[in-house]
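Here the protein sequences line up with chains A and B, keeping their order. Take the first sequence: its position 264, counted from the start at 1, is 264 in my numbering, and no numbers get skipped. Take the second sequence: its position 236, counted from the start at 1, is 236 in my numbering, and no numbers get skipped.
Hint data in this document are derived by calculation from the structure and do not stem from the laboratory. Don't be surprised by glycine CBs; every beta carbon is placed ideally from N, CA and C. Treat the hints loosely; a few may be bogus.
[As the list claims (entries may be wrong)] Chain A regions said to be covered by chain B (calculated; three or more residues, Cβ under 8 Å):
1) 110 to 117
2) 136 to 148
3) 219 to 226
4) 272 to 280
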Amino acid sequence: MTDLGIGIESVETGGRGAFRMFLRNKAAVAGLVVFTFVVLVTIFGPGIYGVEAHKMAAGPFLGPGDDAGPLLGTDYLGRDILAGVITGGRTTLFVAAVAGAMAMGLGLVVGSLAGYFGGWVDALLMRFTEIFQAMPSLLFSLVLIYLLGPGTWKETLAIGITLWALPARLTRAEFLRLREMEFVKASRAIGCSDLRIMTRTILPNAMPPLLVAATLLVVIAVLFHAGLAFLGMVDINTISWGSIMGKNKGYALTAWWTVAFPGLAIVTTGLSIALIGDGLQDAFNPKLRGR
Amino acid sequence: MTALARSIGIRLGQAIGLLLAVVVIVFLLVQLAPGDAALYLAGEQGVGDPEFLAKIRADYGLDQPLLVQLGTYIGNVAQLDLGESTYFGEPVLGLILDRLLATVALAGAALLFAVIIGVALGVFTARRPESPASHGVTVMSLVGFATPVFWLSLMFIVVFAAKWGVLPVGGIEDVRYEGGWFGETVDFFQHLVLPAVSLGIIYLAIYSRLARASMLEVLESDYIRTARAKGAHERVVVYKHALRNGIIPVVTAAGLQIGNLLSGALLVEFVFAWPGIGRLMITSIFRRDSPMVVGIVIFSAAMVILANLLTDFVYRLIDPRIRVGGSR
Numbered sequence: 001m002t003d004l005g006i007g008i009e010s011v012e013t014g015g016r017g018a019f020r021m022f023l024r025n026k027a028a029v030a031g032l033v034v035f036t037f038v039v040l041v042t043i044f045g046p047g048i049y050g051v052e053a054h055k056m057a058a059g060p061f062l063g064p065g066d067d068a069g070p071l072l073g074t075d076y077l078g079r080d081i082l083a084g085v086i087t088g089g090r091t092t093l094f095v096a097a098v099a100g101a102m103a104m105g106l107g108l109v110v111g112s113l114a115g116y117f118g119g120w121v122d123a124l125l126m127r128f129t130e131i132f133q134a135m136p137s138l139l140f141s142l143v144l145i146y147l148l149g150p151g152t153w154k155e156t157l158a159i160g161i162t163l164w165a166l167p168a169r170l171t172r173a174e175f176l177r178l179r180e181m182e183f184v185k186a187s188r189a190i191g192c193s194d195l196r197i198m199t200r201t202i203l204p205n206a207m208p209p210l211l212v213a214a215t216l217l218v219v220i221a222v223l224f225h226a227g228l229a230f231l232g233m234v235d236i237n238t239i240s241w242g243s244i245m246g247k248n249k250g251y252a253l254t255a256w257w258t259v260a261f262p263g264l265a266i267v268t269t270g271l272s273i274a275l276i277g278d279g280l281q282d283a284f285n286p287k288l289r290g291r
Numbered sequence: 001m002t003a004l005a006r007s008i009g010i011r012l013g014q015a016i017g018l019l020l021a022v023v024v025i026v027f028l029l030v031q032l033a034p035g036d037a038a039l040y041l042a043g044e045q046g047v048g049d050p051e052f053l054a055k056i057r058a059d060y061g062l063d064q065p066l067l068v069q070l071g072t073y074i075g076n077v078a079q080l081d082l083g084e085s086t087y088f089g090e091p092v093l094g095l096i097l098d099r100l101l102a103t104v105a106l107a108g109a110a111l112l113f114a115v116i117i118g119v120a121l122g123v124f125t126a127r128r129p130e131s132p133a134s135h136g137v138t139v140m141s142l143v144g145f146a147t148p149v150f151w152l153s154l155m156f157i158v159v160f161a162a163k164w165g166v167l168p169v170g171g172i173e174d175v176r177y178e179g180g181w182f183g184e185t186v187d188f189f190q191h192l193v194l195p196a197v198s199l200g201i202i203y204l205a206i207y208s209r210l211a212r213a214s215m216l217e218v219l220e221s222d223y224i225r226t227a228r229a230k231g232a233h234e235r236v237v238v239y240k241h242a243l244r245n246g247i248i249p250v251v252t253a254a255g256l257q258i259g260n261l262l263s264g265a266l267l268v269e270f271v272f273a274w275p276g277i278g279r280l281m282i283t284s285i286f287r288r289d290s291p292m293v294v295g296i297v298i299f300s301a302a303m304v305i306l307a308n309l310l311t312d313f314v315y316r317l318i319d320p321r322i323r324v325g326g327s328r
């Protein structure tokens with residue numbers, strides 16, 4: 001941010017204040033710690049644990065704590081569940097992060113154009129957004145995968161395309177609210193271009209709710225990828241939390257551990273991100289605390 | 001009254017336009033996808049010579065310009081013709097309608113469960129914002145938001161069906177109760193409980209927090225203070241004055257989330273072998289039954305649009321201030 005002398009000070013304290021608020025929120029910090037742990041495990045875990053997730057490690061259907069088997073037991077082919085849980089996060093987190101960013105980016109472009117220019121641009125873009133909101137998102141991404149075929153990038157695309165309507169509507173609302181503000185009028189009066197006003201003046205002020213929305217989007221994308229993998233719609237050669245559950249679904253009645261632990265990994269990851277989002281929300285908007 | 005009729009007319013027109021746009025988008029997506037339908041159909045029948053391909057193209061209208069094909073497709077959809085399933089050899093719409101009741105029963109039961117208990121919890125905790133119950137709602141809403149509905153379904157099966165054996169594992173009926181009308185009804189609801197609760201709990205988590213936030217805000221407003229000042233009984237203030245406004249965000253969320261509810265129902269139907277539209281969608285994908293897959297997406301979009309329309313009318317009943325074209 002350029003130095004304008006007065007005013008900038010309060011902006012900085014605002015940001016720092018929000019950060020301090022966030023750090024004082026125990027649940028949010030716990031979320032951040034757990035999420036960092038999950039990311040570190042998915043990156044370094046497989047190397048440290050050293051058991052290949054798709055190879056037979058011991059006999060089939062060994063329960064957790066069984067002396068003959070690994071810590072979290074084995075599935076119907078004798079594959080190590082713990083190795084699967086450690087390795088399975090890679091694909092899911094990668095797809096969720098990229099798909100979330102894709103949806104956020106698309107939503108930002110569509111929403112900011114609609115909110116800033118208003119009028120027929122807004123009407124047209126919002127009608128377009130409504131089309132995507134009318135189709136149930138999981139069904140829509142299933143159709144996209146059906147048409148595109150499986151593969152990590154195609155799955156990412158199929159999830160990203162179905163989730164952008166939410167950030168688009170939110171961005172539009174923020175831009176609609178902010179474009180009538182004094183400081184935006186001032187930028188226009190000194191001759192700033194539309195692009196500059198949108199990216200430099202309005203966007204930074206619209207960031208807080210969008211950051212919160214981004215965390216929610218990543219959680220939704222994690223659940224989406226897990227759901228698609230569970231249904232067997234993704235690349236069958238990649239191991240993910242969802243696919244482990246999908247493959248062991250038929251044995252869940254007797255071998256509960258084959259589905260319980262991969263699911264717990266998803267809940268833990270999703271909850272940690274949601275806690276971060278909740279902490280950001282409280283930090284940016286203390287009035288809403290506890291609601 | 002005429003103004004109301006006109007605004008309803010406008011909303012109906014918008015809804016039809018939106019459905020038309022969905023049909024166009026889905027049609028274009030299918031066109032853009034890699035692969036040649038004629039080649040696929042020829043492959044199905046094991047014939048590959050150019051004359052046969054040309055015949056298939058002529059039979060299915062694939063040799064027509066894209067816009068003509070689109071026009072034909074829209075015309076068919078307008079006449080409620082979604083094509084014929086390549087697997088069943090029957091009209092797609094009939095196959096969907098056969099399974100509609102199962103999906104509506106599942107989604108409806110889940111929604112009722114979530115809204116009623118969610119609002120009750122929201123009202124209860126809004127009056128005690130610092131109570132353990134209130135913090136419980138916050139935690140539960142976050143956990144519920146992060147929990148995959150299909151995993152919850154599996155865990156319920158493991159506990160209630162496999163371990164305790166109190167409820168059926170899946171399906172919609174048990175052959176043992178084929179005889180009596182009463183037995184069949186009881187049997188149906190026994191099969192409905194686990195799927196509906198699995199799906200409903202996720203939304204219960206979201207709605208209880210939403211209801212609490214909304215009630216907290218409403219209970220602080222001036223008209224509530226007025227109602228209390230004039231000596232209205234606390235129960236009247238909360239349930240008659242506050243709830244009417246406090247419930248609006250929940251109704252909005254429930255209406256707007258019908259699409260998500262259907263997405264969740266698809267996963268739940270898959271886990272519980274519930275014979276609804278979602279399960280038909282998944283089996284159709286595995287059978288590469290394109291008319292069925294496309295038909296289900298268009299049909300479910302129509303359901304979402306209808307649900308949004310109904311939400312709009314429910315709004316009018318609850319809150320006469322909401323009008324078409326107003327800020328939302």
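Evaluation of the provided hints:
no.	hint	in the structure
1	110 to 117	violated (count 0)
2	136 to 148	holds (count 11)
3	219 to 226	holds (count 3)
4	272 to 280	holds (count 4)
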